[in-house]
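Visitor: Chains as they are written, first to last, in the working numbering: chain A, 1 to 295; chain B, 296 to 565; chain C, 566 to 1003.
Fair warning: there could be bad hints in the mix.
[Stated by the list, open to error] Using 27 Å as the maximum straight-line C-alpha spacing, the simulated DSS-like pairs for lysine-lysine come out as follows:
id, chain 1, residue 1, chain 2, residue 2
1, C, K809, C, K636
2, B, K557, A, K209
3, C, K684, C, K858
4, B, K298, A, K206
5, A, K216, B, K304
6, B, K298, B, K392
7, B, K304, A, K209
8, C, K858, C, K753
9, B, K553, A, K216
10, B, K557, A, K206
[Claimed, not checked] Some, not all, of what chain B presents toward chain C, calculated at C-beta under 10 Å:
id, residue
11, L403
12, P415
13, Q507
14, T508
15, N529
Calculated directly from the structure, the hints in this document are not laboratory data.
Just so it is clear, CB atoms sit at the ideal spot from N, CA and C, and this is done for glycine as well.
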Amino acid sequence: MQIRSKDKRGRRQNQDVWKFIIFSVVLSSVFLLYPILYSIYLSLHNMQGLQSVFVGFGNYLRMFQDDIFWKALMNNFTFLIFQVPIMVVLGLLMAFLLNTPNLKGRTFFKLALFLPCVTSLVSYAVLFKMMFQMGGIVNDTLMAIGIVQNPIDWLNSPFWAKVTVIIALCWRWTGYNMIFYLAGLQNISDDTLEAAEIDGANGFQKFFKVVIPQLKPVIVFTTITSTIGTIQLFDEVVNLTGGGPSNETLTAAQLIYNHSFIYTSNFGYSATLSWALVIIIAILSIIQLKISNRE
Amino acid sequence: MKKLTSLLKYTFLIISSFISIFPFYWMIAGATNTANQIAEGKLTFGDQLFVNLQDLFGAYDIPLIMWNSLKISGVTVILSLIITSLAAFGFEKFTTKTSELIYGLILLFMVIPLASLVIPLFKMMAGLQLVNQHLAIILPAINNLFLIFFFRQNFKSFPNEIIDASKIEGASNYEIFFRVVFPMMKSTYAAAAIYAFMNSWNSYLLPLIFLQTENKYTMTLLISSLSSASYVANYGTQMVAIIIATIPTLILFLFMQKGFVKGMTGSLKM
Amino acid sequence: MKKKLGLLFSSTLSLILLAACSGGGEEASSEDFASADDNTLTVWAWDTNFNIPIMEKAGEYYVQDGNEEFKINIVEMSNEDTKQKLVSGFTSGVSEGLPDIVLMDDYDVQNYITNYEGKFTELSEDIDFSQFAEYKVDNATKDDGVYALPFDSGSAGLYYRTDYLEEAGYSQEDMQDLTWSEFVQIGKDVKEKTGKWFVAFIPNRGTHYIQMAMQSAGLWYFDENGDIYLKDNPAVREMAEILKEIEENELAKPVDYFAPEGIGAVTSGEVAAVNSAIWFSATIRSAEDQAGKWAYTNVPQLETVETATPYTNLGGASWVILEESPNKDLAIDFMKTEFAGNDEFYQDILVENGAVGTYLPSQTGEAYQFEDPFFNDAPIYKDFSEWMAEIPGVDYGNNTQAAVDALRSVLQGYFDGSMTLDEMLEKAEETYTMQVGQ
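So here's chain A without its partners, still in its complex pose:
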């Protein structure tokens, strides 16, 4: 098909592309490209409120020595390393189970599992903050069941605060990703699964040998979008833990925000940090794509 569309005698003129993309290109230039170029300009300046001094790459040098920035990045990666795999595996499992024939209550389960992603990021963070209080419902439940003896200080201990953020993220996004896997599963013909069954594959084998390989493109897709989302993580941590304790849940996006609005405002430095983040995300996405293409 591609060949024909490139054929000069083809009836579709590729130069017509402008008629389609012009609106988008105009909007991109005005509301994206211009602000981006402007923020590059800002990143070469050190600002303090209304004062601005050209410092060349000074902000970038400062960034390399900024322990807090690297710590925030590490936090982002910690969230990424735990949350994304947990979410992907859970999502896959849910989709696979929902897709089994003769499942009772399929519609109910599907709705229930997808429900979390209708809440806004601000809303669910506020909810989780209430639930994970020291004397909150989560501790009450865990103690009633007897899983823990003493209440866990979810939001204020360095370890548990991270866990809480990861739990919250999984709660909000697993169902969302599950939808993609469900959609992907419908592309796998029943024949393939039946053939596997005839060959004597049990549920686990079917899951790992048939479903996972077939869903690879979907998994790559959700992994990349989740990676971008986790790296840009902001609303949740701000509302749940405020980045605490001891910056243990501080994310890069929150640090950028702090340098813009909470500390003495320095848009130059926060633009620099944004650019570092962009470059890191771009590299990560490329690596992920490369890995998935190689296999």
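With chain A fixed as given, assemble chains B and C onto it according to the hints.
Guide: Frame of chain A; chains B and C shown alone:
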């Protein structure tokens, strides 16, 4: 063995569903309790619903704020669906070297945190006299880059023959798009509409920066201001506000979830 | 090319028109900007239980004072959102959409009047600042100009439950003139004997204790040159050790003291003591069932610092008027008439809202002598106001928020024992320096 697997399966689904639903139950129960009861983790329904409703509706013009949110989201969804799908169609079916370059840039732009673009955007909107106008939130949101990507993935499977055939019959490019492509891709549009609506409904940073007066507020903005503007936060009214803000996305999802799943399927043929 | 440009232009235009039309058309109404009206002032403030009703009352008084056309439009906005909107507006040079008057946390005032020169109205020509508590006026002063009107006092004391302390073996006399280490010892006894928490706040975020300690000795996070001053700051050192003891002995219920959980911990009788400002008395009083069970005294005193006093400040806020406000003159007159001249107004908000102003003439009023039955007929307003006059003044500088975050980022490591006191404070200084980019 089979029974055991089945048991495990249902146990897993039931526990997962319970965890998914529980916060919703808790939120609804919370709306009927006082702030202190909620803080103490009270699980049962109380008799404060009316009081909480009264507090919220008495202090804020909720119908107006709802209308603001609906209007912004509605306009954003319609415009962004048209513009991003047009662009995606162009990128996919009328590929040139330049267009591929532009598309590559767009994919890269997708990762830029919004926070870093706020100041230039603010200056621009001020120049256009749009501060405290809903247009200031709508305009930057229309050209949703993810949607361009999403539509392009879907258009990959759209047969070129149909386009070519319509060309022979003398249809213009736009006619082909709106009369032929659009009707055939309805479920893709449904999925995109849900995505775009949720995105717009939940957007927080842009409204926070551009909207100054309460009569311009959106629901998301109201929720965040409820949770931070007073030292003694009133959990009960917050719960009510969160419930009200969740209803539209919930309804949208319930009615369109079949289309959503189907539409998403198309984007996955990579 | 021309054709392309034409297309580009017309498409963008039609797009904007389309969006505007479907927007319903009511967007452009100018009445949203209160400033468009000569007789209306727009105010940004937070706290619907305190600042907002007080501002409304001030508006009512101003109408009574012969400004019948006057209207006040108060927009509820959190401290963070306020700062964000001010910064966005100032940085992009846009005054549209900004209000006339803004409430500002006292810890932020120096930062803003220094870094946004020309954005705030200089008030000393119109308002007599000798009538305000000196330490608050200092905070609003830059280069001999005064740019903010100090509003409520953060004069602080130690509130405690007499019944719990008695159970732990302490009479009210025992609670007078404490040092911080005595305070901690009492906490241990209370915990052991009553099983209650002693206080409620998160130790690794307990910078408000450090701030109270520093101000009581006339110190702050910065030295006289404005450089970070933690490692050799005796107030920080002593209080860090105190916080560690509180954490190790689990004397504090770990809840945010500003949040409903923290307030709930106090009002539901879970804690025995609170070090806080006069504005917190309203919260304590809201637990009506505990009437008569609460008493107060001065905050504990530092032992290792020569300049230490038992008088300190926590929080408090000031009003600023924006220079570019079209109703600047009205705003000045309004603030002058009510917040810098109306004793009756101050008596009123004291009784109704528990607000102790920093406006000194109001403190001779009758309401200030009020003997509060809740606190066993102690004249709480009079006492806290008298203490207010003794609070050492400090320069909060431009970077308090960055210093707070730097300290909070290391406290837990010190509590856990992974850092010594010196290492922790050194690390905090490094972090601070990196964050402010000096």
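Visitor: Each hint needs a verdict: does it hold in this structure or not?
Guide: Structure-based check of each hint:
no., hint, result
1, C:K809 x C:K636, "violated, 51 Å"
2, B:K557 x A:K209, "holds, 25 Å"
3, C:K684 x C:K858, "violated, 48 Å"
4, B:K298 x A:K206, "holds, 17 Å"
5, A:K216 x B:K304, "holds, 23 Å"
6, B:K298 x B:K392, "violated, 58 Å"
7, B:K304 x A:K209, "holds, 19 Å"
8, C:K858 x C:K753, "holds, 20 Å"
9, B:K553 x A:K216, "holds, 23 Å"
10, B:K557 x A:K206, "holds, 23 Å"
11, L403, "violated, 23 Å"
12, P415, "holds, 8 Å"
13, Q507, "holds, 4 Å"
14, T508, "holds, 5 Å"
15, N529, "holds, 8 Å"
In summary, the numbered hints that this structure violates are 1, 3, 6 and 11.
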